[in-house]
Amino acid sequence: MLPDRLVNYSVAGTLVVPHFLAEHDHQWLRSLLEEHERFVGRPRRELDARLRDPLPCECPPGKLKLAIDVLTRLGRSRRNAAVIPPRRARALVFVEATRRPETGTAVLSKVATSLGVSVAELRDSLFADLPAEQLVSARGQSLSAVELALRSNLALVQRLLFHAAMLRITVEGNTRFLVRHAKWRGLICTLAERSGHEGASLEISGPFALFRNTRLYGRALGELIPLLGWCARFRLRADCVLDGRHVALELATGDPIFPASAPRQYDSRIEERFGREFRRLAPEWDLLREPEPIAADGTLIFPDFALQHRSDPARRWLLEIVGFWTPDYVAKKLASYRKARVPQLILCLDEARNCAEADIPPGVLVVKFRRRVDPLAVLRAIGSATQAVAH
Amino acid sequence: MTDLPNGVGLAGAPGVLWDRRVRAYRAPASGYSALKRWLLAVGVRFEEISARPRSIKEAWSVVDLRAYQEAALSAWELAQRRGVIALPTGSGKTRLALAVMQRTQLSALCLVPTRVLLDQWSREVNAVYREAIGCYGDGVRRLAPITIATFEGAYRHMHEIGHRFDLLIVDEVHHFGGGLRDEALEMAIADARLGLTATPPRDTSAAACLSQLVGPTVFELTVGDLAGGFLASFDAITLYLDLSPEERSSYTNLSFIFKGVYTQFHRAVPGASWMDFSRHATRTPEGRRALIAWRQMRRVLSFTRAKRRAVRSLLERHRDSKVLVFTADNDTAYTIAREHLVMPLTCDISRQERADVLDRFRAGDLRTLVSARVLNEGLDVPDADVAVIVGGALGEREHVQRVGRLLRPGEGKRAVVYELVTRNTIEVGQARRRRQGLVTRSSGQL
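Top line first, the protein sequences correspond to chains W and Z.
Residue numbering for the first sequence follows my numbering, beginning at 520 and increasing consecutively.
Residue numbering for the second sequence follows my numbering, beginning at 42 and increasing consecutively.
Each hint should be verified, as a subset may be incorrect.
[Said to hold, decoys possible] With beta-carbon atoms standing in for the labels, derived distance ranges: (1) Val103/Z / Arg561/W: 56 to 64 Å; (2) Arg64/Z / Gly773/W: 30 to 38 Å; (3) Arg340/Z / Gln784/W: 40 to 48 Å.
Keep in mind the hints are simulated off the structure, nothing from the lab.
For each residue, glycine too, the CB sits at the ideal point set by N, CA and C.
Could you build the full structure based on these sequences and the hints that come with them?
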């Protein structure tokens, strides 16, 4: 993670303003990348020495240091130019130097002869595995100035969030992806308020944050930032303590931050196929993949789909495809839905899981499937339920 | 927890807060015993966290202690098995910890600052305990009634393992109390807690915080108390050196830039700490220039020409002794290593190679090691006779740890510590302050 001294920001009132690398920085970033490329295959210390001198074009020193650090981490390698493995060279040379009260050159010469290399080669091998002696790798070559800027901004924000204890995020789209990662990292996600169909308002913090302002979860909170790049819209506010001051960091859709790799749209092929077929067979319905999360007894549940009739907004059903089955699992899931007061729910159960009729709790619309969820069966089930209500 | 008596609410329980996020009460694990006592007192029935498996009695060998170690152990027992024991380096703190584990038989989690110490503690425990031990750190996650963890491993995983131990032993406990990683101690239920250090914190707020987390200092001896008896005697020799004219000119210019800002700050905020200054300085361009000047001043002083000559002369003079050279930074350590062909021990050298190097040093195949920080703390360095302190940045604590490396007792042994101090520079004050740690403070505070 980026060291604190490389974090460029200013504070306006109680807001922390990160100094993002933007389009006007691309010119000097390109220069930096060119310099880096020139030193590929040479010891890192040579590149470091070059970068201590100014670049051919003007650049802000703070941002330059940040970009260099990010580039260095991307281009780090363990390759070195040692003729003799450094550890072996050290063992031989230093033990020999202890044994013989001769000059350093005589010792090096004796060891070099025994190894069949020159004194210079032996001398260069002695510490060739130190970070400064390792060879600059070519990984940075494939980077563009734009990507380096975005990666630098991500590193900057993640370091700022290292000082945060809680995030408030209003988010639309891919919420499940975000919440799943947060839970996997041991964070607690709560839905701050129902915000209709426009999205979810989440509060994310770690268990220990209840007792005091802790940095324990800063790293995990920072990991959520690149995931936000895949949300249709978001607005984030993080409470941080920087240099003893309580400040807030705000981010929103469009901020120039490097995104994570794309999340999978569907959890399974069954879901993907159902989505495709339903859209084709029921043009009068809108199929919404991953509708807004629902708060239920301190936890969040994510229905797989929402089915919304275009001409009748009251005809809105949530649909969950249950591929995994145990009576306990389904009972727990249904209890959550009941607590959340979700009235129109369709549960698609895999017949291969041997679910007995008696195990299915009453009052739930169940569509059984085998390998494929039939959209027509779902529409029929909705039709019968609607008629039953009308009667 | 069942049938809460009428009128009793968990909101009144010690350390308990309502967590609206999960709609439940929550308390830090470190308050587990206090909460249990409170529940018993108000007559609430509750289910205990499942019993922690104790270490196996038959697997332990007897751990003998010296008289002062026995006294320290008694002091800890008298303090309800909570507290910090401060003993100088080389006086057997790890042995004391082993005795505590062996005598209490409690399931124990030992926290150590580094991966190197993780290995060292594992070896020491294995020498007296014939069952498998657990390890958390360095990519390993293995639980056992006796488990060793690095601070970082504990910080990251205490929420998973904090309920498994009744005894928490913290080596180099002075690293806690400042807020950094303190959560690791708060997320453990262990009621019995033992902190070990050679240098208990003098800062009152850190000491108070440490007292909350582990307990107060219950026993303390310094190098002065044990030198010549349980520790080797030593001579401390300070060599005052001059800067060359070019070095002096550069130093004076940098010092002028630094002092301008520093003096102004201290006039405005008397009694402020270095941290306060550094925080303040980063906010203004002049402040940042002052900090850069400070770093450059230190660089000028790190290995002056005079120090270079002195190191050469001292290494020649003590060619047949076991010598440790301590520097302020890794760059200086490598410079000395290259110039004198002596083995450096730095964070860049792998753990396995470091272990090999220490074995060779023990066997006499290597007689000089140069290091910036790796040798400072905890590492069981074979007996050395001479230390050359070329530079240091961490004050009294670092100095005590470094000198401690020489004090393993030996037949007729008298160690020598050389400090290289540059005249009329910040090093004079630094050297004076760091020596305070070696002065006898008090004997066996019980």
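If you test the structure against every hint from before, which numbers come out violated? Of the numbered hints given earlier, the structure breaks just one, which is hint 3.
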